[in-house]
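S.K.: Each chain is listed here by its residues.
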Amino acid sequence: MSYDAKFRVWRGDASGGELVDYTVEVNDGEVVLDIIHRLQATQSGDLAVRWNCKAGKCGSCSAEVNGIPRLMCMTRMSTFTETETVTVTPMRAFPVIRDLVTDVSFNYEKARQIPAFAPPEGVARGEYRMQQVDVERSQEFRKCIECFLCQNTCHVVRDHEENKEAFAGPRFLIRAAELDMHPLDARDDRADFARDEQGIGMCNITKCCTEVCPEHIRITDNGIIPMKERVVGKRYDPLVWLGNKIGRRKP
Amino acid sequence: MAGGVGSPGRAQIPWRTLRGDRWWFPPAVTFTLIVLWLLYALVRTSMQRDYFVATYHYLTPFYSPCVTASCHPDARHVGTWLGEMPPLVPYAFFLLPILLGFRLTCYYYRKAYYRAFWLSPPACAVAEPHAKYTGETRFPLILQNAHRYFFYAAVVVSGMNTLDAFDGFHGKDGGVGVGLGTIVMLTNAAFLWLYTLSCHSCRHLIGGRLKHFSKHPLRYRAWTIVSRLNTRHMQLAWTTLGTLLVTDLYIALVASGALTDLRFYN
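Chains as they are written, first to last, in this note's numbering: chain V, 82 to 332; chain X, 6 to 271.
Take the hints with a grain of salt, since some may be wrong.
Take a look, some chain X residues computed to stay more than 12 Å from chain V by CB distance [stated by the list, open to error]: (1) H82; (2) V83; (3) W86; (4) F98; (5) T192; (6) W243.
Below, in silico cross-link-like pairs of lysine to aspartate or glutamate (EDC-like), each with a Cα-Cα straight-line distance of 16 Å or less [stated by the list, open to error]: (7) X:K116 with V:D115; (8) X:K216 with V:D269; (9) X:K216 with V:D270; (10) V:K138 with V:E227; (11) X:K116 with V:E292; (12) X:K137 with V:E242; (13) V:K87 with V:E111; (14) X:K216 with V:E217; (15) V:K245 with V:E190; (16) X:K216 with V:D266; (17) X:K220 with V:E227; (18) X:K137 with V:E243; (19) V:K135 with V:E165; (20) X:K216 with V:D215; (21) V:K315 with V:D269; (22) V:K224 with V:E278; (23) V:K138 with V:E208; (24) V:K87 with V:E190; (25) X:K137 with V:E217; (26) V:K245 with V:E278; (27) V:K87 with V:D102; (28) X:K220 with V:E217; (29) V:K315 with V:E292; (30) V:K87 with V:D127; (31) V:K135 with V:D115.
If you are wondering where the hints come from, they were derived from the structure by calculation, not from laboratory data.
All residues carry an ideal CB built from backbone N, CA and C; glycine is no exception.
Chain V extracted, bound-state conformation (with noise of 0.2 Å):
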């Protein structure tokens, strides 16, 4: 069964744009993404869209529909009524390039200034060894496909783009979690990074993160507020402070 949609896709680039109306077919078991490509087939060839796999797994159609920060391909038309219009933007925490396609390197500058997992000394490439226990809350993070959608509804910097040099955002909070829950990472600063560095303390746990993740990553309660603790543990507790110091306490 097919029907005629109503969409709103944001036309433009850095220098301005607008909502522009379409009506546009829609088939049974289409998602938003595949509107997006018969919108590009028939009506307007020169719609940019960044796109890959249309699986939810390559993270690159990352869009706002009807103002919420989604995965175009994974956002079934079958969630809205015949008669809604359907309101496609780009992200609106990143620079626009060009209709639904922003600049999000300002994640990949971030990815950079995290150190790297650093295995204990002595140990070689091919002799990593560590118990499935031990490395399984490092795996949840590894599911992020990097579709910067957790970056891009952070109100952190959304809504305060000065905050972006002092804020890492909570795909690099995960990974600072990641590396310092890993069970061969050598490093004992991870804390202190995320802390000094990535700025982990303008975080107000209101998980927006979470809510929109589309691996469904714990974000907040697996990843942020664990690392939020460890932080409180290496800066902020007296009790571990002298623990530390009278050498009751490991680190």
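Following the hints, put chain X in place on chain V, whose structure we already have.
M.R.: For chain X alone, coordinates are given in the frame of chain V:
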């Protein structure tokens, strides 16, 4: 909108959000319920009456521990530490900041009140009204890092409430007795324990801070149990607000004579 989503270079969209759903509803409900609860607690703690049912030893959690000379003698089962209280001062005035502190610094409540009271942000992908934002990096919000200390205190408070619940097994003739009030108090104490133990700080301290679970099997087991509870932290936070209110209201009604306690034994 000069800053935030209206910053130069970003897609120029004149609305602070394009969400068409009722995004304002959850923060509005949170705001209303928390304000109502706080008003109720303020009135009840400053009433200085109907807090204890002497016949059955029911003590409301809002007055526990009752250690001032103003308390009913039978309610002072952990002793008398302080003198008479002036009017309107809550009998448990020294404990209320701890209880408030535990909830104020709780990772769930932080989400709830930052959204509902401070609108930072009011909902996901809805622009907040503040021009500047420094999060929890400065005073006073940097004090949120003291949550684990409030957790330690909350463990003691949960213990007090458990003692009160056991004291509620008091019959008419002075022996053992069980009434609906006893069950209400026990239920409240049980949920307070569940909420306290499901705390994120507890999860960290009990095992989350470890690098190698395999070297600490008991702590790993404890961490998995707390982690399971932790997934329900929000529900437990609201449930305990409910059980505290119901427990206090029930005891107030029985103490004032408006309601007769339903007795199961003695």
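S.K.: Of the numbered hints stated previously, which ones are contradicted by the structure, given in increasing order?
M.R.: As far as the earlier hints go, 7, 17, 19, 22, 23, 24, 25, 29 and 30 are violated by this structure, in ascending order.
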